[in-house]
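Chains A, B and C, in that order, give the protein sequences. For the first sequence, the numbering used here gives the first residue as 1, with consecutive numbering after it. For the second sequence, the numbering used here gives the first residue as 1001, with consecutive numbering after it. For the third sequence, the numbering used here gives the first residue as 2001, with consecutive numbering after it.
Source of the hints: derived by calculation from the structure; they are not laboratory data. There could be a bad hint or two in this list.
Stretch by stretch, here's where chain C covers chain B in the computed footprint (C-beta under 8 Å, at least three residues) [claimed, not checked]:
id: 1; stretch: 1083-1095
id: 2; stretch: 1135-1147
id: 3; stretch: 1177-1183
id: 4; stretch: 1270-1280
We treat Cβ as the ideally placed atom computed from N, Cα and C, and that holds for glycine.
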Amino acid sequence: MSDASTTRKYPPGTHPDMPPPLLESGAIYWVRKNLLSSWTNVGLTLAGLWALWLIIPPFYEWAYADAVFNAADRSECQSLGDGACWAFIQERFKIFIFGFYPEAERWRTILTFALLFVAIGPLLFDNFPYRGKAMLFSLAYPFVAAWLLLGGFGLTPVGTDEFGGMLLNLIVGITGITFSLPIGIVLALGRASNLPAVRIICVTFIEFIRGVPLITLLFLASTMLSYFLPPGTSFDLLMRVLIMVTLFASGYLAEVVRGGLQAIPRGQYEAADSMGLKYWQSMRLIVLPQALKISIPGIVNTFIGLFKDTTLVIIIGLFDMLGMGRSSLADAKWAGLSSEVYISIALFFFLFCFAMSRYSLYLESKLETGHRI
Amino acid sequence: MKRILLGATAALAMGATAASAGTLADVKARGTLICIVNSGFVGFASTDKDGKWQGYDVDYCKATAAAVLGDPSKVKYKPATGKTRFTILNSGEGDVLWRNTTWTFVRDVDVKLAFQGVNYYDGQGFMVNKKLGVKSAKDLDGASVCIQTGTTTELNLADYFRVNKIKYEPVPTENNEESRRNILAGRCDVYTTDASGLAATRATFKDPENWVILPEIISKEPLGPVTRHGDDNWSDIIRWTKNALVAAEELGITSKNVEAMASKPGNNPEINRLLGTEGNLGAMLGLDKRWAVNAIKAVGNFGEIFERNIGTKTPVGLERGLNALWTDGGLQYTPPFR
Amino acid sequence: MASIDTPAPPAHSNRPPAHSGSGERNLLARLWYDKKTRGVLLQILTVALLFAFLAYITSNAIANLELLGKTFSFDFLNEPAHYDINQTLIEYSSKSTHFRAGLVGMLNTLVVAVCGIILATFLGFLLGVLRLSPNWLVSNMVYCYVEFVRNTPVLLQILLVHGLVVHALPKPREAQEWGNIADTIFFTNRGVFSPMPLPQDGFNWVIAAFVIAIVGSIVFARWAKKRQDATGQHLPVFFISLAAIIGLPLIAFLLAGSPLGWDFPALKGFNFRGGFVIRPEFLALWLALSLYTAAFIAEIVRAGILAIDKGQWEASLAVGMSRGRTLNLVIIPQAMRVIVPPLTSQYLNLTKNSSLAIAIGYMDIVATVGGITLMQTGKEMETMIIVIGFYLTVSLSISAVMNWYNKRIKLVER
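All chains should be modelled from the sequences, with the hints used to inform the complete structure.
Here it is in structure tokens:
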């Protein structure tokens, strides 16, 4: 073969050692292949460019070129430029983040947030230093966080009604995420149980939660729950919201986990039984590790949904970030800057949720063992 | 996992309250007053850049806290929308509602609320752009009307337009801010709410001079504080705190001179009784002798509260009008402190 | 659980080792360790606990209502509602009852949910296919869109879309200059106004022709499929049916002497009057919910298409089908089995998210019964029962329909 190749004659311009022709490589080739490969494709490209042209220049002008970043009030903003008035966001930034949390105590919220990363680190990454010991801290974290945020035992107490802004979104979101997972797993196992009564109760609960909008459930929690408690008792509104949000998310998680359980081949259950494992043992050692792995994308999606839904607490008068933004709009000095507020908040949520979805992709690829179930 | 759950539940439930028979006892035990206010209404209740509450209704909350607990800062504000306010009060999550709420028969009798007088006499009006050339609400046939849903204004509007055989398109929103956006965008031609709300909203416009409030006031909207049915002692406290502030204006007591006047009994026996230098009205309410002094010192008398938050010198720019003292031809009047 | 630690002979792993206790204790222990009896006992216990809990909260609710002097009754539904609603699919005025107001609210929820589901499905499939397009620009634009929409709260999106609709569309007076199609359809920030057809005598013939055309097309499609199965010959069923469905009523319409009048919208005073109107609140909610849900559906569709074996594409292209035909006839029908279950939950989510309507003033069930009626009457318990019952019914119905569809398209296995 080698003989033939050295002696073979090539037509001019087709020798394999020559650089590829201009139209078959480089930027032009890329454009031709990816943007202009067929007439439909050319049409799509043109349509795409047109859409970008419609959106980007006006938005850039509004959000940056004509925007005002420093001003004392709305009228000053309007006199300085026609674009967005980011000065308002700058002035209100702190209460968007901390809500009504007392200024002198705000370091506690930051510390809580920083510790959160320490706490979830060992859970998320298996090459975390001293992972075993760090896990203990992760288990203790909910108590530490509650202590730091609420005070007492040496710290100035802060009432839950002073929580607000992003802080509140994070508290509701993270608490919901943490506690809904175990409850969701139990519900999913209950739904797959072969005891009819347990199964029916779990199914009813899950379908109820999934059939009713969250705002209705929150409204129930905020106003109606006290009807169902013994006369004269009531407990903290935030606590009720946390419980409702947790139950809500666990209903959805249960369905995600159920999908995972159903994907486990029958043989795995039978193998576990034949090993003489008890129900909980076989679940803990054989079934759940596999089922949870399959369900990870669904679980993370549920978490993202839950985090976004924390904005709905506004309906029952808790001032989360969106609530803070909307109440700020009532300030006579600044009134009428809703687009700025909404876009800033959207950006904040996007950063958090996008990070979560990226992590889910990372996890999926890491856990991919190569064989499909 | 279960143990963690229980632990966290216990930790977070620390703020839990166990209510008992009387609201007064609860408030004293708690050390703070929980006051239900509007979630955002210029001049009446809004937050400033530090998240501090301010406004006309908020000052009454402070006065109540000062009267009951001796400290106007001991208030927790519970913002409520038009939709949630009564349920929050009735379920015991707030002690008193100072949230521009209209006193009506059904609310008083059937929704089981207890209204404790009127701290602002209002009426529902209409605001339109001058360009439209509308002179009277009767010219509004076919217009789109912005309203806040869940309020009495919605019901008044339906009644008024039906009686006058005017067709209209209601454009409901949840709060003042959304209505404001709607009318500025031209989604509706006219905004209707309490006249005070119209003025407050107009104050936030770029061009307030181009907007006119029509002469028709189509309803009586006496706004006042609300408590739960059946707690008479607490209701008395709310009612008489509000009265004390009106009486203070009648008697010329202000936040500046109240300390001096309360230091020793003066010539006017009613002032003496009000400020606790004579008799013991405070004890009858179950409060400190200086309850009224504390309230007046904290926020001033009725006139001071009005001028500071919504008076002509503020952006809201409301005249006293019906809310002048009865001696000046208004409706604000208090039963005697005797 | 002690039996885990005590080594027991494997043959009796489900039984306790024989204890030397009294017979009664032995019986109890045996009952406990018997798998079946234990199951029954556990279930009885669970149910008893549940009922005790329900009885407890019911008694609390009764006591609390009594304490507040409230009664539990649905009588308020027969009283006049006293409020107006701007979008009513059935006749309604402020003199109608709360019951009717609730009905209006329910219909408003249903109409936005159904329209939303249709548009979201269409957009979602379109975006999902475009996402897989070989065109780099389009595929990445769809990617950015999908990621942005999926990662921001829907409430914010509803508020933003509403702001856009109300600010970007012209006011009624301006709509005469720009924002109209041939002076018959007007796009304003008070709504989209289009002529409303007014059927006159003889229009029934047109409807009859329409029905006949639809029935005929179904019969024809079945016959054509049988013929194709038998002979392999393919008929353009879609176009023939389309021609029949449009053509037959048209012929009937002309034969009956054009029995249709039009009510044209016209600017009178403040607003356009007459014609058919879509309110901006509906438009905003419909668009926002559809755009939001479409992003999720796009991902579902993409995953569904990617789940189909590459060989299917290759085989189909090899027999000479175009890319579009391959997608339509080979890939999507197979992908549907993967797509339908998550699609169902997206439909449910859309329906539930429509409850955020109140934020922009669309009068759905939460805004009418759960909002104004609740405020006026103070009947929290009763109104919430109605709202929750309604949503449960709708959700379960959607689930049932989708489950039925899922069963129909399921792969028939031996």
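Here is what the structure says about each hint:
no. : hint      : in the structure
1   : 1083-1095 : holds (count 4)
2   : 1135-1147 : holds (count 5)
3   : 1177-1183 : holds (count 3)
4   : 1270-1280 : violated (count 0)
Checked against the numbered hints above, the structure violates only hint 4.
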